[in-house]
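J.: These protein sequences, in sequence, are chains B and Y.
Sequential numbering of the first sequence, starting at 1, is according to this note's numbering.
Sequential numbering of the second sequence, starting at 1001, is according to this note's numbering.
Rather than coming from a laboratory, the hints here were simulated on the basis of the structure.
There may be inaccurate statements among the hints.
[Said to hold, decoys possible] Some chain Y residues judged to face chain B by a derived CB distance under 7 Å, without partners named: (1) P1075; (2) N1081; (3) T1082; (4) F1084; (5) A1088; (6) H1092; (7) F1096; (8) F1101; (9) G1102; (10) L1105; (11) Q1176.
Beta carbons are placed, not taken as given, at the ideal position from N, Cα and C, and that holds for glycine.
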Amino acid sequence: MKKGSLFQKMAAAPHIVWMVLFIVAPMLFVLYFAFTEDGHFSLSNISTLSQYGNVFVLSIAFALIATVICLLIGYPLAYFMARSKPKTQKLLMVLIMLPMWCNLLIRTYALMALLDNGGLLNSFLESMGLDKLRIVGSDFGVILGMVYDFLPYMVLPIFTSITKLDKRYIEAAHDLGCNNIQTMTKVVLPLTASGIVSGVTMVFVPSISTFYISQKLGAGKIDLIGDTIERLFQNTSTYNVGAVISLVMMILILISVWIMNKFSDDEGGVII
Amino acid sequence: MEKEVIIDLTDVSKSFDGEIVLDHINLKIHDKEFVTLLGPSGCGKTTTLRIIGGFETADTGDVKFDGKSVKGVPPHQRPVNTVFQKYALFPHLNVFENVAFGLRLKKTPEDTIRAKVKEMLSMVNLKGFERRRVSTLSGGQQQRVAIARALINEPEVLLLDEPLGALDLKLRKDMQNELKKIQKATGITFIYVTHDQEEALSMSDTVVVMANGQIQQIGSPTDIYNEPENAFVADFIGESNIVDGIMLEDYKVRFSGHTFECVDAGFEKNQKVDVVVRPEDVDVVSSDKGMLQGTVTSVTFKGVHWEIIVDINGFKWMIQTTDFVAEGEHIGLFIEPEAIHIMNKSEFSGMFGDYSSFSDELDQLADPTEPEEEEGEE
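Isolated chain B, as found in the complex:
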């Protein structure tokens, strides 16, 4: 027993050191910068927050819309995958995983190459004699980018929870008088809630904090929290304001994860 616990401590040590160095320490720095100015304690940074209210609202709205779209696309897809034959399932899984093997930034660039003014889509439309679509630089473009980049994070946990769902529950629902729609709403959806909560969290959190998607696909016209933080940190004089906004965002994410956890069952909770 003792031997085991010593070994366990040893095994956990590298990770603990890692966490302290790269997670706890940076957070403390954020805290420090948020509440100081020129090395002195100050609350003046907090008072600047009100200027960024619109950015927060916009970011939350964008992230929510992207998450809802991901859910609406992801759930049926995951359901279809979970119910298809092993061969189809494998193929679909590869198709969903494939983009994830590629760097997020590169994927976003790829999307730009497709949708840009002189991109594939618009050259095609032009050659057909149609009007060009202004996707890059629009709200739609940014949300499309979020959905495109984060959809796999919605599909995978939902897929897992549907495959784990015992088919007998579905049969029991039919047996007790449910038609297909009632089976879905009364049994399948509630029993896969933990997958939905995981998926929603895993899409919402990166969506609310992204900056490159809005930079690239928003063509600089759309300013989200992520972009604001990045800009503020690039200038030493606004370092402290950047820290405050980062802090608020962390709290926002914590709250949303906490709310999510409330929705999911005791089983497993949210997997992040």
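We have chain B; now place chain Y onto it with these hints.
T.: Same frame as chain B, but now just chain Y:
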């Protein structure tokens, strides 16, 4: 039959991936009866139940409810409810909501629901469990919730798929009595699937013995036990010594080197037959008084009786006796005419009824006792 036929299966076949699970089954189920489909794992009993429930579609044949074909009718529109093998209670709902599930779908008024759920829960002895989560219940309690959840919908037929398989022996006995009581009280037709012959005999009005996707025999528990139709039924229901015999004439059969009087007639002269003698129907006498003589090769104490294996000309008989005999002893056996049952030869002849390789452990291995029998799943 005086009772009305409620479910009628004609020429029903089903195969999964080319493997025949049901081979042209014909079965009539009468109203208000407790019918048990009995057979070893893979005999097609669960598939039969699932076809009646609408969870599987038969490849051939027809299923009729009250004389009307139910081809293409989905499970939720059939007048049946099912108690599933592993109960399949909804884990996201508490006991009350599980039981109320069917009524809620029918948009029953809330106070009716409350009254009926209460009535159901008290019928299955689960008063006061309304707010409990199903995951906090024991196996026996979950079982009761599953029964209440099905019965509250007042189905014409209740299908039960090895519902007691996961319970321990004592609880199983209690639940058997309770199920029988519930069936009598509600007057609902029960179709019960099990591989446990004792369960089948003690609960059923009618037992349907199945093997290899075919029905071997349909009859009352006493018929099945006393008048088995072939070697499979004789062996599967209780213990049997099954020996080759020749029907010399009516009421006269010769086996194991001796000619016996019996009560069976109607066979051809010198027809080869299977002879069944139940272990409890053989009397042990001194060797000079016996019709057959043999040597005791093993003696096992079973509480109520001793179970002895006797070697008679190389064929091992099992005999249950209340008189002690020692291993190695030479004894005589006396068999009354009523104890002898004659059966036609069948595909199962010679496969069962010899106890030369018998042991309790082996018997258990051969018995399909695994509760999670997944027969019929693709």
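J.: Indicate, hint by hint, whether the structure satisfies it.
T.: Taking the hints in turn, this is what the structure says about them:
1. P1075: holds, 4 Å
2. N1081: Holds: closest Cβ of chain B sits about 6 Å from N1081 of chain Y, inside 7 Å.
3. T1082: holds, 5 Å
4. F1084: holds, 5 Å
5. A1088: Interface hint status for A1088 of chain Y: holds (4 Å vs cutoff 7 Å).
6. H1092: holds, 4 Å
7. F1096: Constraint on F1096 of chain Y not satisfied, violated at 15 Å.
8. F1101: The hint holds - F1101 of chain Y has a Cβ within 7 Å of chain B, the shortest such distance being about 5 Å.
9. G1102: Holds, about 4 Å.
10. L1105: holds, 4 Å
11. Q1176: This interface hint is violated because 23 Å lies over the 7 Å limit.
Checked against the numbered hints given earlier, this structure breaks hints 7 and 11; the rest are met.
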